[in-house]
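**Q** Given these sequences and hints, build the entire structure.
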Amino acid sequence: MFMGEYSHTLDTKGRLIIPAKFRNQLGEKFIVTKWMEKSLRAMPLSVWEKLENQLNQLPTGKKDARSFRRFVMAGALEAEFDKQGRIIVPSNLREYASLEKDVIVTGVGDSFEIWSADTWAAYTAETAENFDDIAEGLVDFDF
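Going by numbering that gives the first Met the number 0, the residue at position 99 of the sequence shown is 98; the numbering climbs one at a time, nothing skipped.
Treat the hints with care, since some could be wrong.
List time: in silico EDC-like cross-link candidates among lysine to aspartate or glutamate, alpha-carbon distance up to 20 Å [as the list claims (entries may be wrong)]:
id: 1; residue 1: K12; residue 2: E99
id: 2; residue 1: K37; residue 2: E99
id: 3; residue 1: K28; residue 2: E77
id: 4; residue 1: K12; residue 2: D81
id: 5; residue 1: K33; residue 2: E4
id: 6; residue 1: K12; residue 2: E79
id: 7; residue 1: K12; residue 2: D101
id: 8; residue 1: K20; residue 2: D109
id: 9; residue 1: K33; residue 2: E94
id: 10; residue 1: K12; residue 2: E77
id: 11; residue 1: K49; residue 2: D109
id: 12; residue 1: K33; residue 2: E79
id: 13; residue 1: K28; residue 2: E51
id: 14; residue 1: K33; residue 2: D63
id: 15; residue 1: K49; residue 2: E77
id: 16; residue 1: K82; residue 2: E27
id: 17; residue 1: K49; residue 2: E27
Simulated from the structure, these hints should not be mistaken for lab results.
**A** What follows is the structure in structure tokens.
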């Protein structure tokens with residue numbers, strides 16, 4: 000399971016160190032894709048296969064379904080680590096997620112997300128402010 004929040008630095012070549020705890024769960028190759036709230040989502044191939052199957056089940060007759068599927072699939076790439084435990088985040092993904100230097104890597108269960116530190120700070124501030132309302136709005140989730 001991926002959990003926790005880690006601060007890292009993206010170098011000028013777009014290389015990012017991934018926490019060792021996360022590397023151990025990913026295997027040699029894994030998927031990184033554009034995700035919600037201007038973040039990137041990274042996941043083991045097994046999780047990607049499940050997501051890919053769900054995307055392929057979306058109704059092609061609905062514009063939103065086509066758009067979501069295209070966005071996630073076109074924004075995806077197969078990644079692997081270098082000898083220092085880094086991945087290269089391509090320029091198109093760095094641009095999408097506004098990744099410059101300071102980056103947050105955060106576990107979200109079956110995958111992890113990569114955020115700009117500024118975007119993450121704004122997101123967590125807003126979420127903390129509304130956390131009780133968010134929790135109350137969840138359906139079928141018993142604490």
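**Q** State for each hint whether it applies.
**A** Hint check:
{"no.": "1", "hint": "K12 <-> E99", "in the structure": "11 Å, holds"}
{"no.": "2", "hint": "K37 <-> E99", "in the structure": "13 Å, holds"}
{"no.": "3", "hint": "K28 <-> E77", "in the structure": "7 Å, holds"}
{"no.": "4", "hint": "K12 <-> D81", "in the structure": "13 Å, holds"}
{"no.": "5", "hint": "K33 <-> E4", "in the structure": "19 Å, holds"}
{"no.": "6", "hint": "K12 <-> E79", "in the structure": "15 Å, holds"}
{"no.": "7", "hint": "K12 <-> D101", "in the structure": "14 Å, holds"}
{"no.": "8", "hint": "K20 <-> D109", "in the structure": "13 Å, holds"}
{"no.": "9", "hint": "K33 <-> E94", "in the structure": "11 Å, holds"}
{"no.": "10", "hint": "K12 <-> E77", "in the structure": "18 Å, holds"}
{"no.": "11", "hint": "K49 <-> D109", "in the structure": "11 Å, holds"}
{"no.": "12", "hint": "K33 <-> E79", "in the structure": "17 Å, holds"}
{"no.": "13", "hint": "K28 <-> E51", "in the structure": "16 Å, holds"}
{"no.": "14", "hint": "K33 <-> D63", "in the structure": "16 Å, holds"}
{"no.": "15", "hint": "K49 <-> E77", "in the structure": "15 Å, holds"}
{"no.": "16", "hint": "K82 <-> E27", "in the structure": "11 Å, holds"}
{"no.": "17", "hint": "K49 <-> E27", "in the structure": "18 Å, holds"}
Against the hints set out earlier in the document, no violation occurs for any number.
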